[in-house]
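Engineer: Sequence:
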Amino acid sequence: MRRINILLFFFFFLLLFSGIIPAQNTTVLLVEITDTIDQSTVEVMRDSLKQAEADNAQAVILLIDTPGGGLDQTFEIAQLIKNSTIPVIGYVSPSGATAWSAGTFILLSTPLAWRKTVMSSKSPHQP
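Quick note, this note's numbering runs 671 ahead of the 1-based positions in the sequence shown.
These are calculated hints, taken from the structure and not from any lab test.
Treat the numbers as computed from the prediction; the structure is a model and nothing was measured.
Beta carbons: idealized from backbone N, C-alpha and C, even for Gly.
Among the hints, a few may not be true.
Said to hold, decoys possible - In silico lysine to any residue, SDA-like type, Cα no more than 20 angstroms apart, as pairs:
| id | residue 1 | residue 2 |
| --- | --- | --- |
| 1 | K753 | Q710 |
| 2 | K721 | P782 |
| 3 | K753 | N727 |
| 4 | K721 | P738 |
| 5 | K753 | L742 |
| 6 | K721 | R786 |
| 7 | K753 | V699 |
| 8 | K753 | P765 |
| 9 | K721 | E747 |
| 10 | K721 | Q750 |
| 11 | K753 | L779 |
| 12 | K753 | A784 |
| 13 | K753 | V713 |
| 14 | K721 | T769 |
| 15 | K753 | R717 |
| 16 | K753 | Q695 |
| 17 | K753 | S780 |
| 18 | K721 | P758 |
| 19 | K721 | S766 |
As the list claims (entries may be wrong) - Restraint ranges, calculated between C-beta atoms of paired labels, are given here:
| id | residue 1 | residue 2 | range |
| --- | --- | --- | --- |
| 20 | L783 | Q695 | 16 to 26 angstroms |
| 21 | N696 | D743 | 35 to 45 angstroms |
| 22 | A725 | S766 | 28 to 38 angstroms |
| 23 | V715 | R786 | 13 to 23 angstroms |
Based on the sequences and whatever the hints tell you, model everything.
Structural biologist: Laid out in structure tokens, this is it:
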């Protein structure tokens, strides 16, 4: 009888742990836009997307807190996001952060956008 109990106990644990699958390594790259959008922002975005591809990242989170910026640079960043093979998630944060003007346009160019605070109407303009 004791042998049966031990065998049942052993098989119970085999069944219990047979469905456990180890977690996969997931890489997500965080890119911050926290100032006026200009050509340096475009370069940071371009380099970040290249790095995300090289790292085989699952996504890029674009953390936005900007007063806006240049029209040409805004369109360039939107095009980079559109052409990216890595999903880009736009996020306006922390609380009190803004995505004014070009920031709103960039946020809305991401396939998935989330805000924790206020956005403006999208109207990028030349400085």
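Engineer: If you test the structure against every hint from before, which numbers come out violated?
Structural biologist: 4, 6, 8, 14, 16, 19
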